[in-house]
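Undergrad: Chains as they are written, first to last, in the working numbering: chain P, 1 to 343; chain B, 1001 to 1343; chain L, 2001 to 2373; chain G, 3001 to 3373.
Please note that a few of the clues may not be correct.
Said to hold, decoys possible - 20 angstroms max Cα-Cα, derived EDC-like pairs, lysine to aspartate or glutamate:
#1 B/K1126 x L/D2349
#2 B/K1200 x B/D1186
#3 G/K3282 x G/D3292
#4 P/K126 x B/D1041
#5 B/K1126 x P/E324
#6 B/K1234 x B/E1342
#7 B/K1234 x B/D1201
#8 G/K3160 x G/D3041
#9 P/K126 x G/D3041
#10 P/K126 x G/D3275
#11 B/K1322 x G/D3292
#12 B/K1322 x G/D3275
#13 L/K2160 x B/D1041
#14 P/K126 x G/D3349
#15 G/K3160 x P/E40
#16 B/K1066 x G/D3275
#17 G/K3303 x G/D3023
#18 P/K322 x L/E2249
#19 B/K1322 x G/E3340
#20 G/K3303 x G/D3041
Hint data in this document are derived by calculation from the structure and do not stem from the laboratory.
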Amino acid sequence: MTILENRRSAMPAAQEAAQTATQVSLAGALTAALRDSMAEDSRVVVFGEDVGPLGGVFRVTDGLAKEFGDTRIWDSPLAEAGIVGTAIGMAMYGMRPVVEMQFDAFSYPAFEQITSHLAKMHNRSKGAVTLPIVIRIPYAGGIGGVEHHSDSSEAYWTHTPGLTVVTPSNPADAYSMLREAIASDDPVIFLEPKSRYWSKDAVELPVVTPPMTRALVLREGTDVTLVAYGPTVKTALQAADLGAAEGLSIEVIDLRSLSPFDDETVGASVRKTSRAAIIHEASQFGGYGAEVAARVTERQFFHLAAPILRITGFDIPFPSPKLEEYHLPTAERVLAALDTWEW
Amino acid sequence: MTILENRRSAMPAAQEAAQTATQVSLAGALTAALRDSMAEDSRVVVFGEDVGPLGGVFRVTDGLAKEFGDTRIWDSPLAEAGIVGTAIGMAMYGMRPVVEMQFDAFSYPAFEQITSHLAKMHNRSKGAVTLPIVIRIPYAGGIGGVEHHSDSSEAYWTHTPGLTVVTPSNPADAYSMLREAIASDDPVIFLEPKSRYWSKDAVELPVVTPPMTRALVLREGTDVTLVAYGPTVKTALQAADLGAAEGLSIEVIDLRSLSPFDDETVGASVRKTSRAAIIHEASQFGGYGAEVAARVTERQFFHLAAPILRITGFDIPFPSPKLEEYHLPTAERVLAALDTWEW
Amino acid sequence: MSDRVATREEPVRPTLLPISLIDGAGVAVNGKRTAGFARPDDQLLLGLYRKMVVARRFDIQVSALTRQGRLATYPSALGQEACEISAVAALAEGDWLFPTYRDTVALVSRGVTPAEALTLFRGDWHLGFDPGHYRIAPQSTPLATQALHAVGLATAAKLKGDDTVALTFLGDGSTSEGDAHEAFNFAAVWQAPVVFLVQNNQYAISVPVAKQTHARTFADKAIGYGMPGYFVDGNDAAAMFAVISASVERARAGGGPTLIEGLTYRVEAHTNSDDPTRYRGKAEETTWRGLDPIARLETYLTKAGILTAGVAADITAEAEALASATRDSMSESPVLDPLELFDHVYVNDRPALLEQRAFLERELAATEAGGHR
Amino acid sequence: MSDRVATREEPVRPTLLPISLIDGAGVAVNGKRTAGFARPDDQLLLGLYRKMVVARRFDIQVSALTRQGRLATYPSALGQEACEISAVAALAEGDWLFPTYRDTVALVSRGVTPAEALTLFRGDWHLGFDPGHYRIAPQSTPLATQALHAVGLATAAKLKGDDTVALTFLGDGSTSEGDAHEAFNFAAVWQAPVVFLVQNNQYAISVPVAKQTHARTFADKAIGYGMPGYFVDGNDAAAMFAVISASVERARAGGGPTLIEGLTYRVEAHTNSDDPTRYRGKAEETTWRGLDPIARLETYLTKAGILTAGVAADITAEAEALASATRDSMSESPVLDPLELFDHVYVNDRPALLEQRAFLERELAATEAGGHR
Ligand SMILES: Cc1ncc(C[n+]2csc(CCOP(=O)(O)OP(=O)(O)O)c2C)c(N)n1
Ligand SMILES: Cc1ncc(C[n+]2csc(CCOP(=O)(O)OP(=O)(O)O)c2C)c(N)n1
Ligand SMILES: [Mg+2]
Ligand SMILES: [Mg+2]
């Protein structure tokens, strides 16, 4: 449980003792985080498409409608700009809305509200207005979704100043980071890797993992720094296993926060290994990996023995279910990429 | 006229002789391109907000309503998703719509139509449907616009597979590239640098400049490759002058096409100079410069004597008119950045 | 502006009760509830009945295949056949249809083969047929977006002087999207030859209509755009066909767009991965099964003496043949070429994309040779 | 669904001719055209008149300052004062206003100082006042987007049990945006205490209303959302105030949203950089100047004996004082701190942004020291 080693618990000892570590899925951890945030702070409200009685198409809000009633969580009309726009108004009145976009590509109708208002309101008002809003977006592929259900939209959000963009890769982080996102006074785009929703860990809830803006070294290594986030963290760990078998020591970093980027943690690792690669599902051109490669190279150029590699989706629209396996980066593809370096 | 040196004219000699080079503004060149495309191909239609009798807020469609009548160019209702969405339907029926988004940030309501349909229709239909649509977007700052009127949105579009994204920096390219964009069977995001609308060159119209997907070396140099596009090409040329005065030989490249990227031209230059920088107005994090830096480094790492620098806007929302000068990259800032390298 | 008010005729206002020509018990309706629409003749109704039966058999077959794992997902239109089939039947050959993911039966009714139609949900590619060939746009998933495409296409046809009409399906939930509004508005301002058919099947996944609109009917929305609106019993094929054809023909004649609400019910789950027990009761489902569009037409046509045992057997045979063809076409997967992923991203070649294609090609070759993947 | 139809009362339907209480000649209107609204008492009308005169003087002053180059741009509301001022006057202190770029006079009428209000158009910063302090949202440029914020805020107030109402301005052109539709719909479904005030000033920059909608009135759109709609003479402050206050108070009492169309005219250019001669004739402008909202109220109040020479002088003095204060506040530019560019991007500090701040700080220091910039 390398991931858990990095965590400290903020729970009082008594409370901690009363709990036993159980298997929690990433989706379940998100549900728990929502429940605990809603219980703790009456300003937290949840709305979106199908988040009420149905509990969301991924069941992340399962049971919350019953528990909190329809003044705290409700089904909105079907319109994403409407969801984000009204959340902005609510936040201006002191609420802390957590809204759901049903799938990645269905956040696009809200693009103007997010980029022109959500991201800018604090700035344009010289700090007078804060918008503590969390936009939950299930994203990425790997679940055999038909078109428009597997986009990785992170590059759009991370290029937009004013937004904080985070993505958990495991249940404990899912819980802790969502709670932190809801508590943040900055608007947060909370990207949920849908292919990981059902993956489980033994976690005692509530759990507090390191601050969401910090990247974590999940696996130490000496030869290569492999940067991953969200759905590709698992792939990166697999690649590290595969590499180990071949005698290659791969250090795996889970970014957790895409904006801000943790220059310190990644920089330190790269100075150690002198080689780095980044893996993500989104297409490569202008993808998030470009920023990682560019900024790490800027800062660590003279420590680098080779160019930073990007192992990513191709520069094509996300493929149909039966073809997505050819598009999505795999551990094998990571290893093959590392092979292209002169060692 | 280094720019013109790179051009070949496709005009028959007789026609050429009949023309005299006159001062043409970038906006005027666009008007001429629209007029000539409309005259040549009855499938070309133009619509958008205020493009009719008013001639557009930047007067790019000036006079066209009178010349072609309201079945070829007309004012649409005020709704950007509507404009792009109906353009898609028209293209499916064989038309070649050229639509205008009034300002950069006002293309965001059309984000879903652009990313989920315009960019993907050809792909999803296995090539059965082509969408020869041009979306003209005046972009970037430098004209003292109030909020939402100065965004540089290129990173959003260039990360979207299926789109071609180009931006001219001078009147001759404006004419030739717009005509090429309209003639292209792929959807084209045509970014017009608004601060350059009124800049003039002596150009004989019609003019044919090199294919829009090719980058051009505007100024030869031996010490540094400075990559620019749209509004910053002028700044890059100023920087080259400034550098020359300091004994620094800067090669200036005008990308013209942001997607696709001309790896060949930029790569050749970098192999020659062994140093590169990219300049753009958009904020840096996840900006287009990240892709340039990442891909050029990937391909030319062992030719690089120093990390590729990015001279860009800050990671902040675009500032108010009186503060934009502090945000926008200047020739001095380029020189200062180059000074940070160990030479 | 007062000119505008004074000179423009008020468009037809939607009725408060759905227009009805054959009621739930299969009895012909007369008087006010018909809103002046005449019942299509019995032969035409028999044709609709045949297509509805075939469509339902297809729908049931596909749901079954989905449960067997042969499709990635399938949104059933069971119970909505009166809307689906009447729309297709009301269109002329040159007209265009803009369907959603819900409307696969409409595609098949218009001639798309099961294999072509199910390519999307089988997960082979995003689209399995040539839109230009069938004059059917790709089934749209981003809600309400296709309505704008329909308006654009219809406007292009009008500009060219063609008499093409476009009909687009929309769900009740989709009417909440901004794109639906923009489509209604552009169509009305441009007087585009479009018919908007809102299939009010009462749910947007789990969300009931009461959480979607405060209007009394979706047809009422037409008023705000200055176009005619009709509120119709969406399980009454006679009424749906009468209203849709009248609207299509008015559009064709230059009369502009129409907004039609067909009041129906989504009998099945939203898709196979949905669980309706979480948000609606059995009683409601039972009520609506009792208002079935096929059953009532069967009663009516049988009483009219036109649906004889012989005809019924013939229809069943046709339906079974389609079901069997569907099963066959889904029994073996087509060979997919992963390299085609790169072939239709752009019309114009891109060197960098060809490099990526070559990469995958090498990878695939290595795999065959026992390498990495 | 038929339940829904049967049980819900039909909301008020907009009239076909604008509601009018004082006509263009300054004469009180009685009978049908009042749609049952009573004329506010003369003292209240005098108060509106005073504010309208002051607002217009401010508007003229700012346009003049803009021509002198002291502002980057200014969208004038000249001629729209009856809408602007009635809206502000109808709100209680705790209510919220959601204005657009067009509505600067409304801000000033609500107490925002000229310097604060003009910060945006002077180009100093995107916003010059504290929204929470005045309960006025930032003036919105992306069209119709603010309407959703208004609905959200009003809903939050309702959920908290407060009796706060939100009023948002919208232009005629803005009604075409998807966001306008979503705002109307969310407000109606959630029964949010919101008033939507569409200032139909007949143009969206150069585009006339006829190219924007095919509906007879914008008020007619209310029907499609199941909310009351009112079509009002937007140059008649008496009517505007009566209808807006009634709507605000119904919202406050839990009666949900209202859509009001005020029929008015944008007398000036869209902004100082616009050229109306390209798209409209002088005759039209002259007609509308004849329907001026201030002139008619002046006639009415003078006849009523309540607007005496003394009061008029007093009002003029107030207007001139504001104009003079406006000139003064624009005569010198505030010292702007470029480093503040970095201070409000996030609440939480970001190391990388602090680095960029430090970079600019060094650059500025170098400039002072005679360096690069
Ligand atoms: C823009 C967008 N947002 C969300 C979704 C996810 N989604 C798919 S179907 C659906 C419900 C649609 O309901 P309705 O319009 O009534 O159509 P029906 O499924 O009932 O036919 C939702 C929310 C989507 N496809 N597109
Ligand atoms: C989303 C968006 N698209 C385009 C614009 C550019 N624009 C600014 S004002 C305007 C016209 C608005 O007309 P209307 O809504 O009638 O308001 P008015 O200016 O007449 O008050 C346009 C097109 C914008 N600000 N926002
Ligand atoms: Mg539905
Ligand atoms: Mg207007």
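Undergrad: Could you run down the list of hints and mark each one as holding or not?
TA: Evaluated hints:
{"no.": "1", "hint": "B/K1126 x L/D2349", "in the structure": "holds (15 angstroms)"}
{"no.": "2", "hint": "B/K1200 x B/D1186", "in the structure": "violated (29 angstroms)"}
{"no.": "3", "hint": "G/K3282 x G/D3292", "in the structure": "holds (16 angstroms)"}
{"no.": "4", "hint": "P/K126 x B/D1041", "in the structure": "violated (51 angstroms)"}
{"no.": "5", "hint": "B/K1126 x P/E324", "in the structure": "holds (16 angstroms)"}
{"no.": "6", "hint": "B/K1234 x B/E1342", "in the structure": "violated (26 angstroms)"}
{"no.": "7", "hint": "B/K1234 x B/D1201", "in the structure": "holds (13 angstroms)"}
{"no.": "8", "hint": "G/K3160 x G/D3041", "in the structure": "violated (34 angstroms)"}
{"no.": "9", "hint": "P/K126 x G/D3041", "in the structure": "violated (42 angstroms)"}
{"no.": "10", "hint": "P/K126 x G/D3275", "in the structure": "violated (34 angstroms)"}
{"no.": "11", "hint": "B/K1322 x G/D3292", "in the structure": "violated (36 angstroms)"}
{"no.": "12", "hint": "B/K1322 x G/D3275", "in the structure": "violated (25 angstroms)"}
{"no.": "13", "hint": "L/K2160 x B/D1041", "in the structure": "holds (13 angstroms)"}
{"no.": "14", "hint": "P/K126 x G/D3349", "in the structure": "holds (15 angstroms)"}
{"no.": "15", "hint": "G/K3160 x P/E40", "in the structure": "holds (17 angstroms)"}
{"no.": "16", "hint": "B/K1066 x G/D3275", "in the structure": "holds (17 angstroms)"}
{"no.": "17", "hint": "G/K3303 x G/D3023", "in the structure": "holds (14 angstroms)"}
{"no.": "18", "hint": "P/K322 x L/E2249", "in the structure": "violated (42 angstroms)"}
{"no.": "19", "hint": "B/K1322 x G/E3340", "in the structure": "holds (13 angstroms)"}
{"no.": "20", "hint": "G/K3303 x G/D3041", "in the structure": "holds (14 angstroms)"}
Violated hints, in rising order: 2, 4, 6, 8, 9, 10, 11, 12, 18; the structure is consistent with all others.
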